[in-house]
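K.L.:
Listed in order, the protein sequences are those of chains A and B.
For what it's worth, the numbering used here labels the leading residue of the first sequence as 161, then goes sequentially.
For what it's worth, the numbering used here labels the leading residue of the second sequence as 24, then goes sequentially.
Simulated from the structure, these hints should not be mistaken for laboratory data.
Please note: incorrect hints may appear among the correct ones.
Using 27 Å as the maximum straight-line C-alpha spacing, the simulated DSSO-like pairs for lysine-lysine come out as follows [as the list claims (entries may be wrong)]:
no.	chain 1	residue 1	chain 2	residue 2
1	B	LYS513	A	LYS294
2	A	LYS294	B	LYS413
3	A	LYS272	B	LYS413
4	B	LYS490	B	LYS450
5	B	LYS450	B	LYS513
6	B	LYS408	A	LYS272
Cβ pair distances, simulated, as ranges [claimed, not checked]:
no.	chain 1	residue 1	chain 2	residue 2	range
7	B	ILE285	A	ALA183	16 to 26 Å
8	A	LYS264	B	SER347	48 to 58 Å
9	B	THR350	A	ARG298	35 to 45 Å
10	A	TYR180	B	LYS49	46 to 56 Å
From a predicted model like this one, the values you see are computed outputs, not experimental measurements.
Virtual Cβ for every residue (Gly too), placed ideally from N, Cα, C.
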Amino acid sequence: MIKRFAIVSFIAVYLGWLGYGIATHTLAKDLNTHPSSYFNVWDMFCGWNGYASRYHIIAEGESGQHYDLAPAPWGEFYPYGGINRHHYDTLAIHAPRAAANILKHTKHEPIKQVFVIEEAWNKKYNMKDWLWDKQYDRPKDPYAYYTNRVRLLPDGTVLERFPDVLSLQEANFLQADPKIRAIANQGRSFMRVNARPTLTNTKKTSNLSSKLKDSERTLTN
Amino acid sequence: MEGTKVGEQNVITDSTTSESEIGIFKTVQNRFENFFFKEEIPYGLAIMRICLPIVILFTLIPRWFFARELFSTDGAPAQLGLLFGYANFFPEFSGTLVVAGFTALIFFAICSSIGWYTRFSLIAMLVLYVYFSMMDAISTMTKYNVISCHFLLLLSLSNCGSVFSVDAWRRKKLQTNPEKLPLKFPMWTRRVIQLLMGLIYFGAAITKFHTPTYLSGDQLKFWMATEMNHPHLLGNIIATVPAMLVTMCYVALIWEILFLFIAWKGWSRMVMLTMGITFHSMTAFTLGLYIFPMVSFCGYLSFMGQEDFEWIKKRFGFLFEKISQITQPIQAMFTSLGQRILTIPVHAMAAFPILLLTVIATGVQAEYAMDPYGVRQAAGPYELKPMDQKLVNVLFQPMPKLRESDKVYSFDLGRRMIGGVVLETSKVFKQGERIIVQASLTPPHGDMYLECVLFDDEGNVVDSSGKITQRENFRATFNYYMTCAHKPGKYRFLLRANGSPVEQQFITLEAGPQQECKTPLAN
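Kindly generate the complete structure, drawing on both the sequences and the hints.
P.N.:
In structure tokens:
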């Protein structure tokens, strides 16, 4: 009797909890308020944008020399395919800790600061060359956009965070309207708290520093 | 009004209403009892218990080599709680403890699969699996982990260890009346797993409703154009056929909504499960999802009841006998070992913890000897190498505005459209046909002016049309009617975005049917 009562209670509570997850997800209410919601909200297809992103963790030494921290010198973990672990940190939240860990376990000069640079390119350049030639009647000319996402100290303390490539580009489109720009400037304080990267006019040709190894590697490695 | 007797209802109207209410209540209760508590031999759950840990092991074993870095304070864990605003949702442990725990997780996964101390192994595996998944949000925790955790929870509450397991074999050896085995148990855990599968698909359908560009095929197209999951054979190719994507999107959405309601019995169960196997298999070839389909297939095993297993055994029993014959030597070896250790209760009880501790100790020693960070090398820790200054300049250059060519994803020509995308792309057309010229855009692109210009093979402009495309649009479509005024030959479509040429397509125009090209008679 007690066992039957416990089983029925479990069924009711468990299915009720799953139903609650579906209800909150449907109504977009109280989403992402607690880690347990990851276990009852089935948002497996939240959306994929049209740009591929990779992340470079670069340390600047006191001598002015720069060091590429990722992949780590002891090798890096490939969780799913041929892409290193740190490239899956799309919000650049965990990169500071990764940087601090690599600096802790390696030999190097004193480090002044560390940057997390995002590299993004249009996904159409991931197409294999033979498929590109079938689809497009022009040569492939891949181009990547770079922006600093995080500036931090060697111990992982975050000093500044910046928006990603697509957010900056979208903001640029919105601010292209002079009326909107004027109204936005009226509301801005004369004291600038965060330095923001500025956009310049498009430069000619490719900015690749080396050849592509394959369509999914970073365009600069 | 009728007279009453002891035990009978008082009024005709009351008696009818009360009996029907009791009847409905009884019916619902009976159905609930039958649905959740009908007894059966849990063959389906037993096979699921064997398969699911093996699938999970495919993800655990590669991570063991990096357990210190991924999950411990001596590494760079990425707690899922941080994404929800909870900085240290779970406690973090030292490298040695984490390696010990992860080794134990692998041990419990193997024990769950073979069904040795099944319930304990499943519970231990569940606890450790949840912990380690939550400790690495960027390269371990995914939705298939979540689904696996749900499956492990429900399996640990079931009697999946009563058949096809070491525990079942031991019980048979020790049982005085072995013909009473295998035992039957209420099927409620199997039912809850089935409901879970249906709710997962339903929730996934809700997500797709919330994704405006799902039904246009754009989300799938962008997903297929990357190998963030795993390399895949067909994704890039299918991404170039947008009409196929649109069709697949609609079919998948309808299937996900219906699954919870019709995947229970009869022909509809076979249809839905077959479609599910097809869809999930296709995700392996188009999106590079390998583990997710396998976890889903394990979930489908919950749809196998006792009757289904006995039906399969009756028809394919010869296969089981063949496999049994081939594995006879291995079976004999394990039987002999098992006889010695496991049929004596004291030995069986001691073997499990002794083996667990031995495996953990071996794992910790092996990881220490591996020296994952290289800090105990003869030359000392690894030294960071300075970067090439040219590469540094590239990485730190100011970001320019998006190139116009990067705002356009593809430039397709075809005869027909379906779901707003070009169907049947082609480079050869006939006089009299309509050519649909469509530019697919990559957001963000801002408001744009797109112009499509048609050139003949001598470079003369034959036609030109333009339109303003708003920032929220994914496509811009132009229609061209290739009349008899257009001579057969080579033509070129050029797409300009905000004045800059970005894409072009060459076509061949062939002569059309003669009746289309008759000159009109003068009055």
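K.L.:
Against each hint, give a clear statement of whether it holds in the structure.
P.N.:
A quick look at each hint next to the structure:
For the suggested pair LYS513/B and LYS294/A, the alpha carbons sit about 17 Å apart, so the restraint of at most 27 Å is met. As the CA atoms of LYS294/A and LYS413/B are separated by approximately 34 Å, the hinted pair breaks the 27 Å bound. Of the supplied pair hints, the one linking LYS272/A and LYS413/B holds, its CA atoms being roughly 20 Å apart against a limit of 27 Å. For the given pair, LYS490/B sits about 23 Å from LYS450/B by alpha-carbon distance, which is consistent with the 27 Å threshold.
With a CA separation close to 10 Å, the supplied pair LYS450/B and LYS513/B stays within the 27 Å bound. With a CA separation close to 16 Å, the supplied pair LYS408/B and LYS272/A stays within the 27 Å bound. For the pair ILE285/B and ALA183/A, the supplied restraint of 16 to 26 Å holds, since their beta-carbon distance comes to about 22 Å. The beta-carbon spacing between LYS264/A and SER347/B, approximately 55 Å, falls within the hinted interval of 48 to 58 Å.
Between THR350/B and ARG298/A the beta carbons are some 59 Å apart, a value that contradicts the proposed interval 35 to 45 Å. Between TYR180/A and LYS49/B the beta carbons are some 30 Å apart, a value that contradicts the proposed interval 46 to 56 Å.
In summary, the structure is inconsistent with hints 2, 9, 10 from the numbered list given earlier, while agreeing with the others.
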